[in-house]
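J.: If you want the building blocks of each chain, they are given just below.
Number of protein chains: 2
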Amino acid sequence: MTTQRQAALQGEITPAMKRVAQKEQVSPEEIMQGVADGVIVIPANINHDELDPGAVGQGLRTKVNANIGTSEDFPEVEKELEKLAAAVDAGADAVMDLSMGSSEGIDETRRAILSESPVMVGTVPIYQAGVEARENAGAIVFMTADDMFEVIERQCRDGVDFITVHCGITRQAVDRLQEEGRVTDIVSRGGSFMTAWMLHRDEENPLYSEYDRLLNIASAYDVTLSLGDALRPGCVADSTDRAQIQELLILGELVDRARDAGVQVMVEGPGHLPLDQIEANVLLQKRLCHQAPFYVLGPIVTDVAPGYDHITSAIGGALAAASGADFLCYVTPAEHLGLPDEQDVREGIIAARIAAHAADLTGGVAGAREWDEKMARARKALDWSQQIRLAMDPQKARQYRQQKNAQQMQQCTMCGQYCAMEIAEKALGEVED
Amino acid sequence: MTTQRQAALQGEITPAMKRVAQKEQVSPEEIMQGVADGVIVIPANINHDELDPGAVGQGLRTKVNANIGTSEDFPEVEKELEKLAAAVDAGADAVMDLSMGSSEGIDETRRAILSESPVMVGTVPIYQAGVEARENAGAIVFMTADDMFEVIERQCRDGVDFITVHCGITRQAVDRLQEEGRVTDIVSRGGSFMTAWMLHRDEENPLYSEYDRLLNIASAYDVTLSLGDALRPGCVADSTDRAQIQELLILGELVDRARDAGVQVMVEGPGHLPLDQIEANVLLQKRLCHQAPFYVLGPIVTDVAPGYDHITSAIGGALAAASGADFLCYVTPAEHLGLPDEQDVREGIIAARIAAHAADLTGGVAGAREWDEKMARARKALDWSQQIRLAMDPQKARQYRQQKNAQQMQQCTMCGQYCAMEIAEKALGEVED
Numbered sequence: 001m002t003t004q005r006q007a008a009l010q011g012e013i014t015p016a017m018k019r020v021a022q023k024e025q026v027s028p029e030e031i032m033q034g035v036a037d038g039v040i041v042i043p044a045n046i047n048h049d050e051l052d053p054g055a056v057g058q059g060l061r062t063k064v065n066a067n068i069g070t071s072e073d074f075p076e077v078e079k080e081l082e083k084l085a086a087a088v089d090a091g092a093d094a095v096m097d098l099s100m101g102s103s104e105g106i107d108e109t110r111r112a113i114l115s116e117s118p119v120m121v122g123t124v125p126i127y128q129a130g131v132e133a134r135e136n137a138g139a140i141v142f143m144t145a146d147d148m149f150e151v152i153e154r155q156c157r158d159g160v161d162f163i164t165v166h167c168g169i170t171r172q173a174v175d176r177l178q179e180e181g182r183v184t185d186i187v188s189r190g191g192s193f194m195t196a197w198m199l200h201r202d203e204e205n206p207l208y209s210e211y212d213r214l215l216n217i218a219s220a221y222d223v224t225l226s227l228g229d230a231l232r233p234g235c236v237a238d239s240t241d242r243a244q245i246q247e248l249l250i251l252g253e254l255v256d257r258a259r260d261a262g263v264q265v266m267v268e269g270p271g272h273l274p275l276d277q278i279e280a281n282v283l284l285q286k287r288l289c290h291q292a293p294f295y296v297l298g299p300i301v302t303d304v305a306p307g308y309d310h311i312t313s314a315i316g317g318a319l320a321a322a323s324g325a326d327f328l329c330y331v332t333p334a335e336h337l338g339l340p341d342e343q344d345v346r347e348g349i350i351a352a353r354i355a356a357h358a359a360d361l362t363g364g365v366a367g368a369r370e371w372d373e374k375m376a377r378a379r380k381a382l383d384w385s386q387q388i389r390l391a392m393d394p395q396k397a398r399q400y401r402q403q404k405n406a407q408q409m410q411q412c413t414m415c416g417q418y419c420a421m422e423i424a425e426k427a428l429g430e431v432e433d
Numbered sequence: 434m435t436t437q438r439q440a441a442l443q444g445e446i447t448p449a450m451k452r453v454a455q456k457e458q459v460s461p462e463e464i465m466q467g468v469a470d471g472v473i474v475i476p477a478n479i480n481h482d483e484l485d486p487g488a489v490g491q492g493l494r495t496k497v498n499a500n501i502g503t504s505e506d507f508p509e510v511e512k513e514l515e516k517l518a519a520a521v522d523a524g525a526d527a528v529m530d531l532s533m534g535s536s537e538g539i540d541e542t543r544r545a546i547l548s549e550s551p552v553m554v555g556t557v558p559i560y561q562a563g564v565e566a567r568e569n570a571g572a573i574v575f576m577t578a579d580d581m582f583e584v585i586e587r588q589c590r591d592g593v594d595f596i597t598v599h600c601g602i603t604r605q606a607v608d609r610l611q612e613e614g615r616v617t618d619i620v621s622r623g624g625s626f627m628t629a630w631m632l633h634r635d636e637e638n639p640l641y642s643e644y645d646r647l648l649n650i651a652s653a654y655d656v657t658l659s660l661g662d663a664l665r666p667g668c669v670a671d672s673t674d675r676a677q678i679q680e681l682l683i684l685g686e687l688v689d690r691a692r693d694a695g696v697q698v699m700v701e702g703p704g705h706l707p708l709d710q711i712e713a714n715v716l717l718q719k720r721l722c723h724q725a726p727f728y729v730l731g732p733i734v735t736d737v738a739p740g741y742d743h744i745t746s747a748i749g750g751a752l753a754a755a756s757g758a759d760f761l762c763y764v765t766p767a768e769h770l771g772l773p774d775e776q777d778v779r780e781g782i783i784a785a786r787i788a789a790h791a792a793d794l795t796g797g798v799a800g801a802r803e804w805d806e807k808m809a810r811a812r813k814a815l816d817w818s819q820q821i822r823l824a825m826d827p828q829k830a831r832q833y834r835q836q837k838n839a840q841q842m843q844q845c846t847m848c849g850q851y852c853a854m855e856i857a858e859k860a861l862g863e864v865e866d
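Protein chains in written order, with the working numbering: chain Z, 1 to 433; chain E, 434 to 866.
By construction, these hints were calculated from the structure, which means they are not laboratory data.
Positions of the beta carbon are idealized from the N, C-alpha and C atoms, including for glycine.
Among the hints, erroneous ones may be present.
[What the hints assert, rightly or not] Below, a list of computed lysine-lysine pairs in the DSS-like style, where the Cα atoms sit at most 25 Å apart:
(1) Lys404/Z - Lys512/E
(2) Lys380/Z - Lys404/Z
(3) Lys380/Z - Lys426/Z
(4) Lys859/E - Lys813/E
(5) Lys837/E - Lys79/Z
(6) Lys404/Z - Lys374/Z
[Said to hold, decoys possible] Per the computed footprint, the stretches of chain Z lying under chain E, defined by three or more beta-carbons under 8 Å from a beta-carbon of chain E, are:
(7) 5–14
(8) 217–228
(9) 391–403
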């Protein structure tokens with residue numbers, strides 16, 4: 001058995017590489033070379049039968065992920081399958097199942113999502129390990145290293161394409177956090193679990209100290225590691241501090257070890273960042289992690305807009321992707337307030353896709369500028385059915401157009417007969433004739 | 434009678450300057466100096482009695498404007514007063530009345546808005562002149578230069594604080610447009626009126642050739658000129674082209690002439706721009722227009738998201754403001770599809786305020802970082818009433834929190850008992866004890 005990376009290193013073009021090349025409008029050789037260089041990953045578990053493979057990385061269309069999954073208060077599987085369908089319909093390239101409902105429901109939810117998802121599926125195994133430890137042993141800190149690896153293996157065996165693993169939050173990183181101090185300390189759930197575990201037991205993080213064990217599992221199922229940033233800033237005031245950068249240094253070293261083991265790997269990043277620190281964060285990650293694909297959670301550019309964090313993160317995500325980030329985790333309007341519902345999922349995905357596409361327009365991503373130019377020509381021609389067809393969310397565009405234009409005018413109701421494009425076309429046309 | 438600028442040049446601190454200084458947490462002397470240098474404007478018509486003066490420019494909080502006003506299909510004044518109230522409630526710093534409903538209703542709507550608006554009010558007089566020419570003379574091109582100036586004077590006499598005037602679209606600029614060619618030609622309504630007028634009559638733009646007449650009117654009522662960019666790009670493909678830059682060069686020269694006449698002046702800018710052209714556009718405007726305040730219409734960073742242009746413009750607006758733009762014209766979700774309603778107005782203003790504040794966080798704007806830090810501390814403390822109070826839109830934040838959290842838990846329903854901040858606080862606290 002070989003991973004996509006092992007195949008690429010042997011110069012082999014896999015069916016997944018061919019499929020990705022077709023979707024990205026680049027050659028299969030370029031995809032193979034990118035995977036061999038570690039600048040592209042194809043998260044495609046050998047057991048995820050429903051998957052239509054996609055890729056994340058350099059030169060490719062910026063991808064977007066939707067976080068879904070049950071919580072204690074909303075444990076129903078059906079709701080999450082509806083969110084999966086909404087996310088895929090809205091154009092998500094990936095979903096992460098972050099279920100933390102009751103322990104027996106977590107396996108069931110994940111398996112249901114995997115059996116229905118054509119897009120790559122990610123998880124954070126430590127969540128399930130934490131829930132199980134709490135229910136079976138009484139507290140998160142009572143889980144053993146074996147418990148953690150058992151859950152990781154279980155999830156990988158089921159067919160998960162990528163897993164977030166908080167390997168970089170070591171004793172050293174936590175020391176640095178405590179020395180400097182922070183406004184919001186730790187806002188990563190996995191990070192808080194690992195910190196509580198290490199401090200309570202006075203032991204090193206097993207995901208770091210037994211990293212080879214993790215690499216063996218990932219290699220066996222070709223699961224892509226997404227190295228989690230447990231110490232990501234949870235507010236603008238904590239951004240780009242020593243704790244965050246210490247963890248990033250460790251993640252960079254772990255990237256090399258994964259690559260050496262033939263395991264595909266990407267790195268997660270902040271978080272809350274002011275606009276003027278985004279470009280530097282991307283540069284730093286790319287340099288310290290030797291150009292590994294960068295998966296950003298936002299970034300959210302201000303803390304003060306709960307209810308609108310799909311917008312605060314669209315601003316940050318666009319700038320991050322234009323600076324080189326490869327994969328945007330959506331943020332929904334419900335962020336900081338509660339679990340997103342289906343409508344939040346849809347709004348979150350569209351906002352993230354806007355950010356991704358705005359960035360792709362500035363790079364050489366195949367087809368990006370052509371899409372905008374087609375829309376501009378349809379707009380100029382007042383061709384509404386074409387504008388709606390080309391819209392990122394045709395359903396929303398159609399709704400607005402119908403609702404605002406009961407009389408079915410050719411122009412829109414903002415300008416009516418005073419349509420600038422019509423008046424100008426007539427005026428300029430008269431002269432040219 | 435003196436304008437704010439004339440007073441500033443004489444070293445006089447006016448009541449408006451004092452009020453602005455108080456709101457911006459800077460000294461009145463700094464405001465006076467900024468107005469004297471032409472890098473700050475205080476749009477405050479001597480006849481706008483209800484106005485609580487505000488300022489736009491260098492070093493100040495980035496401002497946001499809401500476009501409202503009737504159209505042929507929605508001519509009711511009441512609806513526009515509701516939008517005014519919604520805009521002010523959502524935190525707009527300015528509104529523009531762009532009414533183009535039937536000619537008799539335009540004066541009435543403007544006067545009603547002026548009598549109720551505590552924020553600065555702008556207009557585009559050529560719209561009314563165009564509607565009147567069409568109704569009275571049969572076509573826009575039949576209006577005379579006197580008609581244009583008569584409407585400008587009427588609106589200024591009523592108390593309008595700033596007016597958009599398309600003075601830079603000259604024969605030369607239109608020639609350049611026609612030589613290069615464009616996908617969407619002209620998307621500015623005022624620009625299309627002036628172009629049709631010039632080409633049909635084979636005459637120069639009177640707002641350019643008789644610019645001194647305009648300066649006299651503006652000076653008499655202390656109306657701030659907002660030099661309109663008739664040739665702003667209407668799609669990403671047309672951005673930063675020769676037509677746009679030719680007009681900007683002309684606007685720069687007109688800035689100097691306004692300043693010399695003691696008239697306050699700012700400059701409008703694009704429009705549709707890809708992310709990677711925004712910083713250069715701001716730099717160019719600031720340099721060519723000798724640091725005049727810059728009022729941007731978006732910028733919208735992709736053409737393909739009708740229904741979500743409050744988001745495409747929040748991305749562009751944030752980057753523009755972080756690069757030095759001073760004033761953001763909102764774009765609503767209805768853009769490119771129809772006339773915005775009250776809900777669209779609210780969403781547009783909040784999105785623009787997010788963009789403005791994200792930029793202010795990166796500069797030295799008084800109070801900006803403190804706001805975020807207060808929110809972060811409230812979030813860490815799980816202090817929900819404080820989080821809602823501090824939210825940019827408390828109403829929306831409250832709605833979400835209530836709807837997602839029927840059981841009134843202390844945490845939010847995303848993480849429930851697995852709240853990272855709580856777990857981390859407990860773990861880190863145990864060690865420190």
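J.: If a hint holds in the structure, say so; if it doesn't, say that too.
T.: Hint-by-hint comparison with the structure:
1. Note on lysine 404/Z and lysine 512/E: the hinted pairing holds, with a Cα-Cα distance of about 14 Å set against a maximum of 25 Å.
2. With a C-alpha separation of about 19 Å, the suggested pairing of lysine 380/Z with lysine 404/Z holds against the 25 Å cut-off.
3. Straight-line distance between C-alpha atoms of lysine 380/Z and lysine 426/Z comes to about 12 Å, which keeps the hinted pair within the 25 Å bound.
4. Under the criterion of a C-alpha separation no larger than 25 Å, the hint pairing lysine 859/E with lysine 813/E is consistent with the structure, at around 12 Å.
5. For the given pair, lysine 837/E sits about 14 Å from lysine 79/Z by alpha-carbon distance, which is consistent with the 25 Å threshold.
6. Under the criterion of a C-alpha separation no larger than 25 Å, the hint pairing lysine 404/Z with lysine 374/Z is consistent with the structure, at around 23 Å.
7. Counting residues of the region 5–14 of chain Z whose beta-carbon sits less than 8 Å from any beta-carbon of chain E gives 0, not enough to reach three: the coverage restraint is violated.
8. Using a Cβ-Cβ cut-off of 8 Å, 0 residues of the region 217–228 of chain Z lie near chain E, which falls short of the minimum of three, so the contact claim is violated.
9. Under the rule that three or more residues need a Cβ within less than 8 Å of chain E, the assignment of the region 391–403 of chain Z holds, with 9 such residues.
Of the numbered hints stated above, those contradicted by the structure are hints 7, 8, listed in ascending order.
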